[in-house]
Amino acid sequence: MLLDVRDLRVEFRTREGVVRAVNGVSYSVAEGETLAVLGESGSGKSVTAQAVMGILDSPPARVTGGRVLFQGTDLLRLGEEDRRRVRGERMAMIFQDALSSLNPVLPVGYQLGEMFRVHRRASRKEARERAVELMDRVRIPAAGARAGDYPHQFSGGMRQRIMIAMALALEPELIIADEPTTALDVTVQAQVMDLLKDLQREFGMGLILITHDLGVVADVADKIAVMYAGRIVENAPVADLYKRPAHPYTRGLLDSIPRLDRKGRELRAISGLPPNLLRIPPGCPFHPRCPQVRDVCRVDPPPPLYEVTYAGRDAEAVRAAELMPDDPSALGRASACHFWKETVGE
Amino acid sequence: MGRYIVRRLLQMIPVFIGATLIIFLMVYALGDPVTALFGDRSPDPATARALRAEFNLDKPLWHQYLLYMGKIFTGDFGTAFNGQPVTDLMRHAFPISLRLAVVALVLEMLIGIALGVVTGLRRGRAVDTTVLVLTLVVIAIPTFVLGTTAQYFLGVKLGWIDPAVGPDAPFNQLLVPGLILCLVSLAYVTRLTRTSVVENARSDYIRTAVAKGLPRSRITVRHLLRNSLIPVVTYLGADIGTLMAGAIVTERIFNIQGVGYQLFQGILRQNSPTVVGFVVVLVLIFLIANLLVDLLYAVLDPRIRYA
Chain A
1 MLLDVRDLRV EFRTREGVVR AVNGVSYSVA EGETLAVLGE SGSGKSVTAQ AVMGILDSPP
61 ARVTGGRVLF QGTDLLRLGE EDRRRVRGER MAMIFQDALS SLNPVLPVGY QLGEMFRVHR
121 RASRKEARER AVELMDRVRI PAAGARAGDY PHQFSGGMRQ RIMIAMALAL EPELIIADEP
181 TTALDVTVQA QVMDLLKDLQ REFGMGLILI THDLGVVADV ADKIAVMYAG RIVENAPVAD
241 LYKRPAHPYT RGLLDSIPRL DRKGRELRAI SGLPPNLLRI PPGCPFHPRC PQVRDVCRVD
301 PPPPLYEVTY AGRDAEAVRA AELMPDDPSA LGRASACHFW KETVGE
Chain B
347 MGRYIVRRLL QMIPVFIGAT LIIFLMVYAL GDPVTALFGD RSPDPATARA LRAEFNLDKP
407 LWHQYLLYMG KIFTGDFGTA FNGQPVTDLM RHAFPISLRL AVVALVLEML IGIALGVVTG
467 LRRGRAVDTT VLVLTLVVIA IPTFVLGTTA QYFLGVKLGW IDPAVGPDAP FNQLLVPGLI
527 LCLVSLAYVT RLTRTSVVEN ARSDYIRTAV AKGLPRSRIT VRHLLRNSLI PVVTYLGADI
587 GTLMAGAIVT ERIFNIQGVG YQLFQGILRQ NSPTVVGFVV VLVLIFLIAN LLVDLLYAVL
647 DPRIRYA
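In order, the protein sequences belong to chains A and B. Counting along the first sequence from 1, when you hit position 297 you're at 297 in my numbering, and nothing is skipped either side. To convert a position in the second sequence, counted from 1, into my numbering, add 346.
FYI, nobody ran anything at the bench for these hints, they're computed from the structure. There may be inaccurate statements among the hints.
[As the list claims (entries may be wrong)] Not everything, but these chain A residues come out facing chain B in the computed CB check (under 7 Å):
1) Arg84
2) Leu102
3) Pro104
4) Val105
5) Ile257
6) Asp295
7) Val299
[To be verified] Computed footprint of chain A on chain B, listed as stretches where at least three residues anywhere in the stretch have a Cβ under 8 Å from a Cβ of chain A:
8) 569-583
9) 621-634
For each residue, glycine too, the CB sits at the ideal point set by N, CA and C.
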């Protein structure tokens with residue numbers, strides 16, 4: 001397994017109290033596999049990724065438990081210097097807003113070349129050549145001429161390509177893309193997603209795609225982890241999740257997407273607001289918003305991840321599960337709902 | 347860029363005219379300079395009339411202004427009432443003030459930025475709190491208190507420095523007066539740098555730099571400082587003019603016969619040609635410093651392009 005996150009916990013100590021942003025998240029990614037992490041803002045999906053990368057702002061953030069096994073090594077036990085060498089070199093991150101995520105006062109060629117200067121001790125000239133190669137690779141027209149330009153001189157899509165190029169620079173084994181297309185126009189979104197997908201196939205990297213957009217996930221991801229209030233509430237191979245969601249929250253998300261076959265009917269939004277992480281509701285954190293709520297949902301402990309099984313499972317998904325028997329989260333499906341059977345319709 | 351500079355230079359003309367006119371009016375509003383010249387005695391009418399004619403004081407104010415401005419462009423700043431050409435006073439006053447301002451600016455830059463970066467990177471720690479309190483103290487205590495105290499202890503008691511500074515003072519003699527002069531600005535530079543560093547340290551591109559696996563030192567120098575110093579440089583540039591003109595108190599304390607000293611004397615004696623002449627040059631210095639700051643700003647921040 002390339003990356004295996006086990007029972008990760010992250011807190012933020014703030015003046016108002018302890019914000020429990022991540023409360024025991026486990027997920028895994030194999031070489032060449034794409035895991036989509038889905039959730040509303042505040043669900044802890046980005047914080048989990050930042051903890052994996054080791055770029056949490058601490059203080060106030062603190063990893064209070066769990067393991068981040070990267071090719072068998074627990075990254076949380078590494079010293080800062082060893083950790084730094086992993087970043088960029090073996091795992092890289094693509095951020096949402098490329099405009100603010102690139103340094104505004106340095107040319108993009110310099111920012112790309114920096115990867116080779118620092119990690120590979122390349123000369124100035126060599127770094128520049130590699131930067132232009134990278135820009136070519138992410139299909140930026142006239143790369144050679146544009147390497148000296150600054151981030152604000154590029155369009156949104158081109159900027160995001162530069163972010164992708166930066167992440168790819170040293171051909172890392174894992175890329176974490178945190179909402180890589182959210183800030184882009186819809187037409188550009190598709191181009192950027194296609195590019196990311198092509199490059200992932202070419203390099204055989206593991207990819208964690210963090211998003212709140214179910215539409216982006218469908219044709220890219222192999223499996224999905226749905227997060228809510230710092231927990232994973234559902235795990236599933238991508239096709240299964242769309243066909244038969246096993247958690248009321250997932251169902252709510254699916255129902256809130258406009259769909260052609262439901263044209264003319266009202267969109268069903270999930271009522272209520274995401275929970276305040278300072279005061280996560282007892283029991284199932286989703287219970288105040290859940291249409292199927294019962295008494296048992298309101299009391300601690302929160303529901304565990306139940307393994308989801310049912311008769312008509314997709315043949316392909318079952319085969320995928322058989323390939324990776326040593327990984328619990330790859331065993332197919334899990335749902336953190338006491339009543340998953342009703343939800344999945346079994 | 348070239349067109350921008352030309353436009354900025356043209357914009358300086360109305361500013362220059364406006365500023366000089368205001369100063370001119372203010373000085374003349376102080377009262378009749380000829381009467382002031384004679385102090386308590388009443389002037390002999392014939393002498394007074396002769397003086398008024400010599401300095402064009404018998405003409406209407408607008409006429410006086412035009413005559414004065416006309417002469418300035420030929421390099422003639424008029425004659426002080428004591429018969430010394432104003433340009434003579436300038437020749438002695440500006441070099442020493444300029445050197446004092448340079449010393450002050452360098453100290454302000456080195457110490458202020460260093461303190462600001464250290465406190466910004468260690469926000470909330472003991473260093474940060476201590477420096478913040480110190481800057482408040484410095485801002486709160488008037489310059490003349492700090493100046494005279496420093497002069498008394500370092501100069502008179504300990505004898506480490508000369509209590510008075512001559513017109514040809516070398517740079518090391520100007521260190522303490524320069525420090526006193528820039529102290530308040532230094533406190534502001536520290537706070538400005540600190541705020542800017544704290545703000546930029548939280549920015550997305552710093553997070554990217556960390557995610558790239560860059561070493562701490564490189565992130566701080568290449569990414570954080572480069573961005574944080576943009577507003578600081580702007581402040582420093584605008585401060586050049588202030589340091590030159592605002593040295594009145596410091597120059598009085600250390601008996602430096604510079605611009606501030608001459609201006610002070612001029613105002614005290616209602617010596618209008620001196621006051622107006624010096625202020626005109628200071629206005630020019632301000633304007634040029636501001637233009638340079640704006641051009642420097644474009645160099646530091648590529649997002650700003652002047653068309």
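When the structure is checked against the list of hints, which entries are broken? Sort them ascending. 5, 6, 7, 9
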